[in-house]
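S.K.: Given chain F's structure and the hints, the job is docking chain Z onto it.
Protein sequences, first through last, are from chains F and Z. Heads up, the first sequence is in the numbering used here, so the first residue is 5 and it goes up one at a time. Heads up, the second sequence is in the numbering used here, so the first residue is 892 and it goes up one at a time.
Treat each hint with caution, since some may be false.
Here are some chain F residues pointing at chain Z (derived, C-beta under 7 Å) [as the list claims (entries may be wrong)]:
#1 T89
#2 R115
#3 G166
#4 A178
#5 Y188
#6 H204
#7 N206
If you're looking for bench data, these hints aren't it; they were derived computationally from the structure. Everything numeric in this text was worked out from a predicted model, so none of it was measured. A virtual CB, placed ideally from N, CA and C, is assigned to each residue, including glycine.
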Amino acid sequence: MLKLGLIDTGAPPAADWQAAADRLADVTIVDAEAADAVLVAGVDRANQSVADGRHVLLLPGSVADSTEAARLETPETTVVMLAATGRFQPSIQEIGAVNCSGTLGPPGLLRIHRWRPGGQQVNTSDLADQLDLANWLFGTLPSEVYAVRRGESGSYIHVHLGFPGGGMTLIDMATTLPDGEDYYCLSLIGGDGSAYVDDHHNMHLLFAGGHPEAVRGGEGVAGLVSLLREFSAAVAEGRSARPGPSELAAALTVAEAAERSIEAGEPLRRDETGDGYELG
Amino acid sequence: MSSDEVPTVFRCAVVSVVKHAYVPNGVVKHPRFDLVVVCDDADQPDWVHERNQLYADEQRIPYVRDIQRAIAEFDVQVAVISSEAERHCELAVRCAEAGLHVVQDKPMSNRVSECDRVVDAVAEHDVRFMMWNRNFLPALVEAKRVIDEGWIGRPYAFHVDFYFAKDSGPAQGSRGPDEPPIDWLERQIEAHSDGSDGGVGVDPMGELKIEGIYPLAYIQHLSGSRVERVYARTTSHFHQANFDNDVEDLATVTLEMENGVIGTLCIGRIGAASHPDIGEIKLHVLGDAGGLVISEARPEVSVYYRNQPQFEFRGRRMAIDLDYQLMDDFAAEIDSGSGGILDAVTSRDIAATVQAAVDSGKSGRVEEVG
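Just chain F, same shape as in the assembly (with noise of 0.2 Å):
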């Protein structure tokens, strides 16, 4: 049995990580003095926890940038993993699976559009997030990188990838909604197939004078579920998890990478150690 402490929540509020929880026989929620995992923000914590003996969720978006991400530590005998919950919707585990099989053919194009109220700068870690989609559901790093921005805020912002092999991907995230919901939208394009994750397919309509509401089908806590099962699995297996350090660092390079190409106005390539980017 897991016995995971959360010390910080982020998004998702501690309801929803006890619900999932309660929905598996071997992740039970305690006080974080008794716990042998950990949900945290921040390298700090993460390590000092890691240094306490005790396994590691990393919530998304708390990590700055590639620097800091390369400070985590991760022992052998320590899972530290990245609680990426957009890998781990139902929605997009789905078409994981379908790319992962080969059903769709060589992935082709990617397409994600993410948008939110509150107005505020999208920033790297923002960012991030999808971009780990991006690596992930090509098996590898972007070639090329290409970004824009707009809004007086930074609040909008464009990322163009290129993939070896011809791959592509466009993202773009807003944060210029009016108060109210989000939409997010994702589309991959493969050799033989093609697979859609789109609110738009979603919505209920709600009738109450006027023009109809649009009432989103939520997917619940089965994301929160997903990753909590990867996650005790990889515990007590003794293996890594995915995503990791590695995953965030990778996708925190390509979003720096987005931010110097915003400011160069010219796309960046990958650079001859793979490790990084660079113009030209």
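M.R.: Then chain Z, alone, in the frame of chain F:
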């Protein structure tokens, strides 16, 4: 021609009709346009004459192997051009010089220099020009209304997915090591039977050139902004004919436009198995006060039945008034002497954007739109 000389009904010459005939068929959906003759140059190859003759027979109008004679003898005011892409502009220039208004199938041309000739000829001879387009599809009309009424504030990002779920001959990788590369023109002639011959012509064209004008015209129509810089990724991912002829069947394009507006395009001929209908064609528009997600296919009716052919579309588009509205707009353009949903100058700009995207796909750099 002065306004009081504008005829009530325009007599139209179909000037070459070697592709699917949706353009001339669309023209006559409007009661002010009448097809009176099909014509082409006498020195065209036999397959061109055969298709022209077939269409003339279907319409029960003559086929004349001499364009100038057809224009003179049949008293036409409008040319409807649906030839191979590389002949589009040459024919348009000749018709404009003869004083005809021009309706032209896409693409405008496979060379921007040819588009420039049309722009000049149309201006010099004071005739009207319309590139065939889809801007009056019901979903586009609705999108334009919502944006113009200010529901999403000032729009700043326009994204279009324009996938055609069609095959295009053998799949990539299917050619044996001893087999010759696929000849583009032969493949396009063969494709006429299933309607996938949009790239018919001697010069190979990728999806950006064949279909790009439709989604780019959407973006132009909705934004009113001109494209300044383009970054694109292109590849041949699906079809052997595209691979053998070094033209893309899948592309992504970033458009940096006037006034800080952003546009993006995903375009591809992604194979018939990839979608139950023509393909996922969507628009995502962001404004500073909201967003808009539009399915281009709507409204549609879904139809399923026993023994339904595998590739018959399950979703059937409804209430399409595109042909009539395009030609009504064109008639108004002729009557007034100005305006138009997609005139020569705008079409030329779109062709230049397409060329910049093709160039960017090959260079890996951001390209300025000339």
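S.K.: Decide, hint by hint, whether the structure agrees.
M.R.: Going through the hints against the structure:
Annotation: interface hint on F/T89 violated; nearest CB of chain Z at approximately 23 Å, more than 7 Å. The beta carbon of F/R115 is positioned within 7 Å of a beta carbon in chain Z (closest approach about 5 Å), and the interface hint is therefore held. Satisfaction of the interface hint for F/G166 is found here, the shortest Cβ-Cβ separation to chain Z being roughly 5 Å, below the 7 Å cut-off. Annotation: interface hint on F/A178 holds; nearest CB of chain Z at approximately 5 Å, less than 7 Å.
Here the hint on F/Y188 is broken, as its CB sits about 11 Å from the closest CB of chain Z, past 7 Å. At a threshold of 7 Å, the smallest CB-CB gap from F/H204 to chain Z is about 5 Å, leaving the interface hint in force. A least Cβ separation of about 12 Å between F/N206 and chain Z goes past the 7 Å threshold, and the interface hint is therefore violated.
The structure does not agree with the numbered hints 1, 5 and 7 stated previously, though it agrees with the rest.
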